[in-house]
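Engineer: Chain residues, written in single-letter form:
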Amino acid sequence: MTLKLTKNYILENILKDKRMDSRKLDEFREITIETGISSKAEGSAKVTIGKTTVIAGIKMGLADPYPDTPEEGVMTTSAEYLPMGAPEFESGPPREDEIVLGRVVDRAIRESKCIDFKKLCIRPKEKVWMVFVDIFVTDHDGNLVDACGLAAIAALKDAKMPAIKGEDEIDRDHLEGRLPLKGTPISITVRQHGNKYILDATASEEEALDSRLTVGTNEDGTISSLQKGGIEGLTKEQTVEMIKLAQIASKNIRAKHFK
Amino acid sequence: MTKKERPDNRKLDEIRPMKMKAGVIKRADGSAQVEFGLTKVVAAVYGPRQIHPRHQEDATKSVLRCRYNMLPFSVSDRKRQGYDRRSTELAKVITEALEPALFLEEFPKTAIDVDMEIVQADAGTRAAAINAASLAIADAGIPMRDLVTSVAAGRANKELLLDMTKEEEDAEDAVDVPMAMMPRTGKITLLQMDGIVTPQDTEKIICLAEVGCKKIYEAQKKALLEKYGS
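If you're matching them up, the sequences are chains A and B in order. Position 176 (the first sequence) corresponds to 176 in this note's numbering; numbering is contiguous. Position 90 (the second sequence) corresponds to 90 in this note's numbering; numbering is contiguous.
Note that these hints are calculated values from the structure, not bench results. Everything numeric in this text was worked out from a predicted model, so none of it was measured. Misleading hints may appear alongside valid ones.
SDA-like cross-link-like pairs, simulated, lysine to any residue; straight-line CA separation at most 20 Å [unchecked claim]:
no.	chain 1	residue 1	chain 2	residue 2
1	A	K7	B	K158
2	A	K236	B	K61
3	B	K79	A	T69
4	A	K24	A	K244
5	A	K236	B	K79
6	A	K119	A	T69
7	A	K182	A	K7
8	B	K166	A	D68
9	B	K92	A	E80
10	A	K236	B	K204
11	A	K127	A	E80
12	A	K244	B	P199
13	A	K59	A	G221
14	A	K251	B	I196
15	B	K158	A	G221
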């Protein structure tokens, strides 16, 4: 819980281009990405952005294809707050925020078409690979969408394909190369207050500035998803500006962490 | 806008035939039915009223609670009943789209409940639901800063389009941008996007949606005048 006094202080300072941790408005906290954190997973990653920590794991399973895409594999993404992550996180069925978090991360990856789902077909109409992307928040200090997005793509890049033996049995002792993946979609969330925009908000900053836009960016300069959040409205001009900022930030992260 | 036509003979920036009617559910405090082509939604509002369960009560404002639900027979393959992840997300973004228009702080400790049921789905259901909900809230006599108006714009088969149908949404290069706004202030209150697109085209699509919202705004006002005018 952030006190109203603190929230006001945060907002006043943002108007003066200042933040509590003396970062610039468009500056990210330090990002670390570590892959291979669970050897049982086909791919895994731990991402920290400042004090925020999330982990993601990829498991591959077999499934029936959807009738409208009989020759394509499928993906399912979930995000969950672990009770250890913050005093307000509780165990139990996923809540609205967690469902939205999972879906926003899912959309940025899916819509960028970075996974070649056609290559995940085993037998058309009968068997396809199913990619499970499970993301967990273990320490919450804000900017969960960006952190979970980075963890998901890092874990996908880390993922290896298990072999198949006999009649549709997964042979995890034999690996057959990597998951068919091209590109690095990155989601960046921009928050707005007055005519100021901030990137990588901390948990207390998030409590003070609810209004946000998450932009799913690709390396070729295109964007493949948008999600506005919070109850304050945005003007068209603000939206365009926020997309621009997200693109610059994602370019820097891509250059530094995904080369 | 070019003269090129679409499967249903609409112009690129033409909205499907709209039908809007306020006051369709008699028991509700406010209600509306909205149709965009084959998409049909009924919305009803109860409140401000006492909130149950009581622990959801907020001493500083009314709590806006939205439900978005697709009826099992509203789509080709029967939709299983119950709340799924998509409905949960849509309920949340719709709540955020409507809330800026309301003076919730005027009704502390109460709830305003909005139920949106999709009767027939042919793309653009969240936009139709927002238009219906906004009309229903006005019909309930709940004070509003403005009507919230919504439409999806996007791209299909290389053309930028307003108010796409399911057929158009299934195009290989489809981009779908559902948007809601309060036309009086120009504030965008819902914005989502799927599909690969350049920032330049994103801006064009947002402008197209804005034009659409303004047309829908007029239709909403007309529906209210039909019930309350004269």
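Engineer: With reference to the structure, classify each hint as holding or not holding.
Structural biologist: Now the hints, each set against the structure:
1. A:K7 with B:K158: violated (46 Å)
2. A:K236 with B:K61: violated (29 Å)
3. B:K79 with A:T69: holds (18 Å)
4. A:K24 with A:K244: holds (17 Å)
5. A:K236 with B:K79: violated (36 Å)
6. A:K119 with A:T69: Status holds; Cα separation ~13 Å.
7. A:K182 with A:K7: violated (41 Å)
8. B:K166 with A:D68: Roughly 14 Å separates the two Cα atoms, so the pair holds.
9. B:K92 with A:E80: With a Cα-Cα distance of about 17 Å, the restraint between K92 (chain B) and E80 (chain A) holds, given a limit of 20 Å.
10. A:K236 with B:K204: OK: K236 (chain A) and K204 (chain B) at ~10 Å, within 20 Å.
11. A:K127 with A:E80: violated (28 Å)
12. A:K244 with B:P199: holds (8 Å)
13. A:K59 with A:G221: Violated, because 30 Å separates the two Cα atoms, which is more than 20 Å.
14. A:K251 with B:I196: Given that 20 Å is the threshold and the Cα spacing comes to 17 Å, the pair holds.
15. B:K158 with A:G221: Distance ~18 Å between K158 (chain B) and G221 (chain A) Cα, so the pair holds.
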